[in-house]
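Add chains B, C, D and E to chain A, keeping to what the hints say.
Chains as they are written, first to last, in the numbering used here: chain A, 2 to 515; chain B, 16 to 112; chain C, 47 to 550; chain D, 750 to 1376; chain E, 40 to 206.
Since the hints were derived computationally from the structure, they do not count as laboratory data.
Each hint should be verified, as a subset may be incorrect.
Result set (DSS-like, lysine-lysine): computed pairs, CA atoms no more than 25 Å apart in a straight line [what the hints assert, rightly or not]:
1. K375(A) with K776(D)
2. K203(E) with K92(C)
3. K1118(D) with K1276(D)
4. K375(A) with K911(D)
Note that the structure is a prediction, hence the values are computed from the model and not measured.
So you can see what is in the structure, the chains are spelled out below.
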Amino acid sequence: MDFFIKYLLSILIFFPVVSIFLLLPVNKKNEGILRNFSTFLSLVEFIFSLYLFIYFKQNTYKFQFVEKFNWIPSFGASYFLGIDGVSLFLILLTTLLTFISLLSSYRYIKEHVKEFVILMLLLETFMIGTFAALDVLLFYLFWEFMLIPMYFIIGMWGTGKRIYSAVKFVLYTLSGSLIMLFGLIYIFIMHYDQTGDFTFNILRLYNTHISNGFQLILFIALFLGFAIKIPLFPFHTWLPDAHTEAPTAGSVILAGVLLKFGVYGFFRFAIPLLPSAAFALSPFVIILGVIGILYGAFVSIVQKDLKRLVAFSSVSHMGFIMLGLFAMSAISVDGSILQLLNHGITTGALFLFVGMLYERMHTRQIKDFGGIAKKAPILTTFFMISVLASVGLPGLNGFIGEFLILIGSFHSYPVLTIIATSGIIFAAVYLLWMFQRVMFQDITNPAAESFEDMNLREIITILPLVALMFLIGFYPMPFLERIDPTVLHFLSMINHHHKAVYNAIKLKAGLSNA
Amino acid sequence: MDNYLIVASMIFCIGALGVIIRKNLIVIFMSLELMFNAANLGFVAASNRLNLISGDIFVIFVIVVAAAEAAIALGIAIAFYREKGTVDIDMANELKN
Amino acid sequence: MHNMPSIYGINFLEKSMLSIIPETVIIIFAFMVLFLTFFEKLAKRKNSYYLSLIGICFSILYVLMLSGSNIYGFYGSVVFNSFDVFLFIAILFSGMFTVLMSKDYMENSEMPVPEYYSLILFGLSAMMFLVSSNNLIMVFLSIEFMSICAYILTGYIKGNTRSTEAALKYFILGAFASAFLLFGAVFIYASTGHLNLYAIHSFLQNISYADSISRSGGMGIKVYISVGLILFLVGLAFKMSLFPFHSWTPDAYDGAPTPITNFMATGIKIAAFAVFLRIYSLIYNFNIMNFNDILWLLAVFSMTFGNIAALLSSNIKRLLAYSSIAQAGYILVGIIGGGFYGYSGTLFYLFSYIFMTAGAFAVVVIFESSDIISLDIKRYSGIGYKYPFIAASMAFFLLSFAGIPLTSGFMGKFYVFSSAVKSGYNWLVVIALLNSAFAAFYYIKIIVKMYMPDEEPVSIIRGAIDDGLMITIIICLILTLLMGVYPQIFINFANNSADSLWRI
Amino acid sequence: MDLKILITWLIPLFPLAGWFLWGIFGKYFKGLSGYIASGFVAASFILSVILFFIVAYSHGFTDTLYPWVYAGIFKAGVSADIDRLSVIMLVMVTGISTLVHVYSIGYMKGDKGFSRYFSFLNLFVFSMIMLVISNNLLLLYVFWEAVGFCSYILIGFWYERKSASDAGKKAFIVNRIGDFGFAVGIFLLFVTTKTLNYETVFAAIPSVPAYTTTIIALLLFAGAVGKSAQFPLYIWLPDAMEGPTPVSALIHAATMVTAGVYMIARFHVIFSYSPAASEVVLIIGTFTAFFAAFIALTQFDIKRIIAYSTISQLGYMFMAVGIGSYTAGIFHLISHAVFKGLLFLTAGSVMHGLSGELDLRKMGGLYSKMKTTAVTFIVGGLALSGIPPFSGFFSKDAVLADIYNKGFYFAWIIGEITALMTAFYIFRLIFLAFFGEPKPDQNKHAHESPQIMTIPMIILAVFAVIIGFLGIPPFNDSLFYNFLHTDFKNAYNFAPFVNNTPWYILSLISVFAGLLGIYAAYLLYIKKAFDPERIKSIFKPVYVLSYNKVYIDEIYNFLIVKPLLVFFDFLWKVIDVKVIDGAVNGIALAFAGFSAKARRIQNGMLMSYILTLSIGAAALLLYYFIR
Amino acid sequence: MEALFYVFSFIAIFSALMVVTMRNPLTSALYLVLCFFALAGFYVILDMQFLAAMQILVYAGAIMVLVVLVIMLLNISRIKNIKSDLHQKIIGVLISLILFAEIVLYIINGAQKRPSGIFTHALIKRIGNTQVIGEFLFTGYILPFEIASILLFVAIIGAYLFAKKKF
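Bound-form chain A, shown alone:
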């Protein structure tokens, strides 16, 4: 047990790989076994990940479950893992959503089941690795390879323009992350030049002193990588395509976990490494975020395709998160991090529902639906809860996050926050309108007459998410009290760094004047 707890992160990262090897001998034809077994393995993974939660020490910002081994001494890269309050929940979200999306795809994925489950498990490994890595190179390794399983999932099991979407997704994100790689390498080299310490250890890289001008350039480099992943407003066009064409499980993972990496990257890398630039550019980022909020909402209103609507709603929601993160007050950053979880849960659930509707009706056009509520009360209930959580109805999870973000950001950016707040109106407009047209009213499409309600498997799929919506809505403290110390440390750290750089520059300026 001691061993288990000590190397829990590694076990979590590599257990899916082990699972793949367990699955490899299974015959391709045995789809039932493949599905059940892989789902079971992902459930085991999720249960393992719960140990992280149990053994996580609350009142500290320090990294826990730390593992450190030499990896590539020549690059100063090490196998360095550890989690704090933020990555803890993101890892839990990852394991949960992987389990859920595997469970959800019993009906959707009809061919190449083996490849599918293997890719999902592979993806899980890389997602967890990205959240757990404290070494920049290790992080980048996980971060970038993640694209590949996702690319296959979209391209092989997607619908419509799947190849276009998959390729767009990969190229878009790849270009961003390569620019980001440049920034990371630059900081690494700079740190080396300053200290002679050849290391990719992020905790040590935090101490790099970078002049303001460089910070701006590097920040833009990192920004591109992370902003595309989020995606922030003008970089978002891969998202609707990828989300729309991906299979349900792919959309769930994409929305639930992959979009989080951008924000996580800002939180872990871009802002603490380049605090002055982050401070200086935060109005611009926030403006982009706020534009994203409204733009995503506006465009969602007129969407005709269910999935595309949910996809654009992600743009809007991620805008809130960026607003909160870059407002850089404890409350708003707390809210942002919580909202990361919330968005994963709610949007994941929404995609699951869209998937269920699609499986039954083989269409995603809103106009083809209507009156589903009459046929499927259970689905309606759960769907409604998810929609409301996405709308940000109090009592459900979305509200807490949005409220904390807005109330925290208001102090520094009142006008922008007010504009952002108006997003909650439009969220209600597009989601409720969609819900009304899909679920309410009378049945217009004869295909809906034979609409089946959710079966037990689907209920099990949804139930954890709905339970979490209520839990976070009514009692977010277990989450907040773990996130809060990390966030406070984050803020104190960037303030400290910011001041240090500022003072150094002031000193320099003073000397040159004299």
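Coordinates of chains B, C, D and E only, in the frame set by chain A:
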């Protein structure tokens, strides 16, 4: 030495000119030989002026290589001629894009 | 000059002989393979195949045995140190893969076999000589030797107009470029008075030392040597297939027998880069002129041109050819980055480059048949489901080309790019990174074809897949993955060899 | 745990449990769920009454159930603030809820969403209770929205009807617009005072600059405008009548819509420190009161008439709180809850009797068919018209008298005119529906409602009669005033009394106005002294304006909704697809173009290759030369 | 000596020009031989009589005979008809001129290099140029010498493979 080098480079450039403007494989090959010989002249001149021998040695190897290349070149020319019935390099146009 | 008694000293000769043992072994085996033609029975295809493999393995063995030594042999004609060990192994791997790939290929053709394998072995020995050469004569001679083997092998498919045409183009362009190289050597010689690279190195060191004192002396020499170096660079850049000198690459790759394409793409390129690295580290960076500026341009153009041209290619061999032009650009970034870090990175990249390229070409060989349509990437439709392992490997190699992590391609790129950042070539790195993002498109295009076909899968394998090909793929796969996940051993290896470049 | 704290938390717990039970296990209970749900709410009511007496004979208290959101300096717990204001509201909410629940058992009988209905009704009661007892703004906001959600789901209860689901959506979205302001107000308040707890906020408010307070107050008021259906956000309330009638009674008359008034009374400290904001409240209230009454004059849908009347009466309440007469406002709130609940329930009974008919033109002479309903309806009507001794008289007079005595004469005049109009339209309804000749086709099946429906109506009618006596002696000496006033003593008295006109004079004027309205209705619809058609044609523009609800919906649709939709479509189809994605795809296409160009270099011609090579060599030499 | 240099230069350059301009490849070949003779003349001036002999033997004797043989082997009348385009000529001349100009400019800018070796005219005269070359070839450059032999061998195989009609 400068004068020799200028002559050598002149011959070199004439050789290059031949390679560029001619389409006859055989003539191109002869122009290549010119270019090699220009280099030879340069080496001999340089080693003479610097009171060295190594340049002259180089020339011997260049001559060897030129002979070997001649063998290959003429072999290729014959093979090409056998397939296309000409030695016009414009006919070598199957591989493109 | 030379001290006569020591020249004829026994010790000296012994040591000198040691320095060329790996090459000698290869040459001996080449002759043995060639002699097989005299015996009808022995000339069977498999004998020469196994014999060449044994020869390569022996050579590798000898290289490893000699790995610690640092020999300056044959009056400075050759050196043998860690640098050579690293590249010998790389080149021998490339040769081994070529041989392994060839078996299947040769069995299905009417070509004389022993000559083929012996030419490969001769070519290998030429590359090794090139790597270890320390003298402009040796450099020129080995380049020509290597090229002649390549010319012959390129045109090896008798009666195939494409093959002959490829040989023709390759030969004329190659000879043309060699003439430039030779003429460059004239100027280097004329200005320094030396042919030995180390001697030129120390000469230039003295010049720049004198320069730093007086600021006047050596200006003329610098002008002289820089024209020599530029012309020399033209010849080398041709072999490295950098942008304006790349034009032979797609055509020769396309027309040549596929194993030979692999040979050209891996062996020749690596040998050329190795000798360039050696010459560059010894001669180019003495502030004679800022050669990095020129290389910068070459690198940028090569990457961009290679990637852009590959974008619309539908012939897989041409696509890989264009991609190899781009890869040459990336490798050059490491050399531009320079310093210990950059050279080590370049070597690492070169090493990793062998495995991804060889793996990809092995897959191409599997799916190739006599008609040229078999090279169209459309034929790869749906093989992901029919041949999962091969397709997965191919996908992995392509990802490695694209520089996705977990593959050696990423580590190599990372290494060279970080060295360039370290030296302050930020824009170069940004351009290179954008290029590799852009390049991912056409690699992914093939993966799309393999796994997400529009039409029904086309079955194209002629029967059982040859063992040699499978071994190649498996070795390449393992090493590509290993270098992507745990590159430290290879980095140490590369570090050692880069280190020995400075130990003069 | 202290008993009173236990009671406090048990009050919301019952309906919460009800919601949970009926939501999940509803189909196993079937018809029983209605009774048990009513029982749960009744239990809450009884506990509320106990709590009322506890508070009345001791003092208020606060208690935190559990820490809810602690992030940085932001702290909000799930906690209750029990004082006289909240217990009064509690008793009112749970009381009327109980009655409506009981009534619903009969009204909703046989509906296939029976348990769903009770589930959400219970959820609403829970949310309303929590709204009333919450002690910080975050919790208040949460349940403020939660009641909105319940309203949304109950309006759209019959979701198959497009109009119903449209109305639900409209209610939610319009409420959200108000909530937007409310939320921003909370943000500003938090940023100003660093806290959201009532006590600490109120303690900090006097030291806050006046303009900040005004902005906060106005933003909070925006929430109230949305929730309490004031101009210009009242548009959802008439449409909300698509829901089941008991829902209209409970949510859209008695409880939820009065939350805005409650909120302002609760935040009297903020509002009273900002006379400007209070003035805005007064103006909006006055205008809405008049405006809604004006529309109600000519409507034919009985529920809509009552809905407009609700809007109008809410206007009165805002007038009251706008001049700082919080007790008067709350008093009117309570009495209005009773008589308007009554009116809706009776209207529901009428509908029930006429199998869903709502059109006034198709009714007539119902009095003979459904006596209980008619009588209780008339009681409600009289209360609404402010005829003594019904409750409306006392409460409305308390409001109007305060307005007059505080010197807001114009508002007072409008109020009186509105009172006249109120009496007119409600008695127009009564006369048209219950008197006159029966309409043959419709009234054939007309029948009295079952007892389970009539009993709650009767109880409410009794209360409508007696509750007014809490206002005795009238004016600022009444029982109610004295009881509640202690809660408002922190308020800054920004509008002192300027007159001391005796209450009976003002009451007389009011009663006169009411009677005049009734008489006018009587003349028009019973005596037929004038032909209504003629009056219609005389005042044609006014009539048309009123009949078409001043075209507000159309104006909104034309000025806001349509252009926005067009704009959104433009954003998507042009900006997103063409511009941004077009740029991305354009780059890809450009590269493809380059690629075609680059491949032209590789044209297969050996001479061009040679040329490239030699140009390259020459260029390299040239590069060094020009350097 | 100076006069000889100019004479040889003239002959070499003129014949080189003729090589690239003559329509008939046979004529070109003969001019090429002339050019080789001129170069051999240079070598004699530069004390390398051995090289001059090699030049004539290997180039003029062996290579050129081979070339002429091949030309004869191929159909001469068809070869003569291969014409080059005008624009190609213009570009070729331009590029060659630029190349030449650049190289010459470098040569002129470069300073005169002082002698660094010991093999002066007198020394070579004393030892004899053939012996000097031989000594070097078989000591310092023994390895290239061996490689060159293998190279020639490989070239023979190559020529044989290319020229063979069928396997």
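Do the hints match the structure? See the list:
1. Pair hint K375(A) plus K776(D) holds up; C-alpha atoms about 15 Å apart against a cutoff of 25 Å.
2. Proximity of K203(E) to K92(C) is assessed by CA-CA distance (about 24 Å); at most 25 Å being required, the pair is judged to hold.
3. For a cut-off of 25 Å, the pair hint linking K1118(D) to K1276(D) stands: about 21 Å separates their Cα positions.
4. With a CA separation close to 13 Å, the supplied pair K375(A) and K911(D) stays within the 25 Å bound.
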